[in-house]
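**Student:** The residues making up each chain are set out below.
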Amino acid sequence: MPKPILTIKNLTKTYGQNVIFQHLDLTVNEGDTIVIIGPSGTGKSTLLRCINLLTRPNEGQIWLDDLEITAKGTDEDQVRQHIGMVFQNFLLFNHLTALGNVKLGLTRVKKMSDEAATEKAMRELNRVGLADRADHYPGQLSGGQQQRVGIARALAMDPRIMLFDEPTSALDPELIGEVLEVMRQLALDGMTMLVVTHEMGFAREVADRIVFMEKGYIVEEGSPDEMFNHPKFPRTREFLWKITELYGKKEKEAE
Amino acid sequence: MDFGQFISYIGSGTVYTVGVTLIALPSGLLIGTILALLYVYGGKAAARIMNIYSTIFRGIPPVVLLFILFFAVSKGINLSAFWAGSLSLGVVSSAYQMEIIRGALLSVSGDQLMAARAVGLSRLHAIRYVVLPQAVRLAIPPWSNEAAIVIKDSSLVYALGVPEILRRAQLIGASSQQYLLAYLSAAVIYFLLVSLTTRLLNQLEQKLSIPSNP
Amino acid sequence: MKKYLLLAVALILVGAMLVGCASESTSVLDKIQKAKKVSVGTSADYPPYEYLDEAGNKTGFDIELMAEIAKRMGVELEWVDMPFDSLVAAVAGGKLDMSISCFNYDEERDKIVDFSEAYYTTEDAFVVTSAFTGTITEPEDVANYKVGVQSGTVQDGWLTDNLVTAGLLPEANLSRYERVDQAALDLANGRIDVLMGDYVPIQALVTQNPDLQVVYRGVLSTGPINIVLPDGDAELKAEVDRIIKELQAEGFIDALALKYFSE
Chain A
0 MPKPILTIKN LTKTYGQNVI FQHLDLTVNE GDTIVIIGPS GTGKSTLLRC INLLTRPNEG
60 QIWLDDLEIT AKGTDEDQVR QHIGMVFQNF LLFNHLTALG NVKLGLTRVK KMSDEAATEK
120 AMRELNRVGL ADRADHYPGQ LSGGQQQRVG IARALAMDPR IMLFDEPTSA LDPELIGEVL
180 EVMRQLALDG MTMLVVTHEM GFAREVADRI VFMEKGYIVE EGSPDEMFNH PKFPRTREFL
240 WKITELYGKK EKEAE
Chain B
0 MDFGQFISYI GSGTVYTVGV TLIALPSGLL IGTILALLYV YGGKAAARIM NIYSTIFRGI
60 PPVVLLFILF FAVSKGINLS AFWAGSLSLG VVSSAYQMEI IRGALLSVSG DQLMAARAVG
120 LSRLHAIRYV VLPQAVRLAI PPWSNEAAIV IKDSSLVYAL GVPEILRRAQ LIGASSQQYL
180 LAYLSAAVIY FLLVSLTTRL LNQLEQKLSI PSNP
Chain C
0 MKKYLLLAVA LILVGAMLVG CASESTSVLD KIQKAKKVSV GTSADYPPYE YLDEAGNKTG
60 FDIELMAEIA KRMGVELEWV DMPFDSLVAA VAGGKLDMSI SCFNYDEERD KIVDFSEAYY
120 TTEDAFVVTS AFTGTITEPE DVANYKVGVQ SGTVQDGWLT DNLVTAGLLP EANLSRYERV
180 DQAALDLANG RIDVLMGDYV PIQALVTQNP DLQVVYRGVL STGPINIVLP DGDAELKAEV
240 DRIIKELQAE GFIDALALKY FSE
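Protein chains in written order, with numbering that gives the first Met the number 0: chain A, 0 to 254; chain B, 0 to 213; chain C, 0 to 262.
Calculated directly from the structure, the hints in this document are not laboratory data.
Any given hint could be a false lead.
[Stated by the list, open to error] So the derived list for chain B, only partly shown, Cβ under 8 angstroms to chain A, looks like this:
#1 P132
#2 Q133
#3 L137
#4 P210
#5 S211
[To be verified] Mimicking DSBU-like on lysine-lysine, the simulated pairs with C-alpha atoms at most 35 angstroms apart in a straight line are:
#6 A/K109 / B/K206
#7 C/K145 / C/K57
#8 A/K109 / B/K43
#9 A/K8 / B/K43
#10 C/K258 / C/K35
#11 C/K70 / C/K36
C-beta atoms are modelled at their ideal positions from N, C-alpha and C, and glycine is treated no differently.
Here chain A stands alone, though its shape is the one from the complex (with noise of 0.2 angstroms):
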């Protein structure tokens, strides 16, 4: 019986007048990486801000495992331990080295000492390919490098699930790839992960579901094989088509 990570129901976020997403429901069971897609501008940003807490919704729950965390009176801080998130724009200490960024955490956070917190963020680098990199500040590491170091540093608190906020589209395309790569590992590993990315060939490959988001709503959701051959509503069919014939295709010929 698949155990539910993160279960959201009816979660509604409006800015003033403007309506970002309404009576959203989402179940994320333990081991699975759902993959949201949908056009810019859709919500699926607030959505992830969201579910660890940067924003509150208007209306509605989340809850992480068994404990609401939309309820009054849960401690932010202790939640977003548990809750890794991988940023667009990577958003690197600038002051500390890659080691630094990882171990920033579990020395201020799980209160680790400094040689656990060392060995455990060395660790992490390593099972991101840059354990030799890790006296290097982020200024002298390329895009592809530096967000690396973001899942590392969001691996480090051992978290319950990770969320990616677009992780590759602040990327030079050379760079997309050890990125992805990282990610698809990590799924492989049976990390639990909600992924906001335009990458199709991702999406079918690791994803275990895909949600298709436009306007606010939840469109439609379904296997990758469902989603990309037999989707059920025409929009989901039209957006999937434009996208993957700008992204998907060049997979396809670069097999």
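Using the hints provided, position chains B and C relative to the given structure of chain A.
**Tutor:** Just chains B and C now, with coordinates in the frame of chain A:
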């Protein structure tokens, strides 16, 4: 009066100039940093109060504040001319330093704060370990400017009778009728003090700078 | 301008003092005698009354006189240097026990401080450079020219009240300076035509600079010079006056005048 005596009379005011600066500048830094943090992170009400503070103390000529503190306020607490002068300059500097640090804090992108919170850091820790270290580096060049200003503004305490460089130059100039020499000597000493300070701060900036590949 | 700001501030605090601190009426004389020390303010930029010697020590007519007075009071003398403008407010505010700096009696000052008996009498003088082509026979004639004066002095008061307020001298033609030597510089480079000041220091300037000459000398605004004392302290005034009388009777002050004022 021979040249050596002349110069050494004026030069012996340096200890007062340095003393006033060493009280005004650090106290301005301490107050300015606390107020800047309140301004940026303390909410709307705090920001409004800080804005008023900034407007008042940047809007009054420092020498006026000196007089108010020395003649009026220190009726209750007996402040010497040196302390009234130094503290007044410290208060004035704190308003300018608050703006410098506030600018530096705001220059560190809000995203840095967000990324820190996403890792699980509390707001306080995020400000302390992620925003402040980056803000410090951004603040050094404008702060170096403020340091130079405080060194030169220290001469204002002459109005309260503190025997610092400028006052000594005035007295010896009037007494010996050699004004040009007196004021030039004073100028040279101030110049040396400011140059030395600027050089030290430049070195600090170099030392703290974050490596990057251009 | 600064003079009025300081007087205003001093008036406020004296008012506060009278209203709030009625219990605080310890005589300054008591304080001086307890501490065995008197703190005296002066602005040592006014030869030959008060200025600095070669070694940078205070010297001059007022300086030596005050040293003798302190000696006869049986206390140590502590000099506090301040710009002339600040001295009266400092005495009024209790920052100084008294001040000697060639002060003339002035009604405005009398509101917030007291004056000792006169210890000497001075005169006013108008001084010009050799380039001056005008005529000054009566003091009021200076209203036709550009005049300089030290700010906050009785000469400043005289010029303001008698010439500027009377409409004879345009405000723009009166330049006020913080110190006499600044005014003398402007006289030398022609920014002002005439400098009005106390005869003795002006004479000292003339001795040093042959280009200058005194065109008028008389008692207009000056006259007696006094020591400035805290307001309302009858005991201190009595003591200081007593010593001044003593010194006059002994010829001490005349000898001092001879030493510093001989032409």
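**Student:** Does the structure break any of the earlier hints, and which numbers would those be?
**Tutor:** Those not satisfied come down to hint 3.
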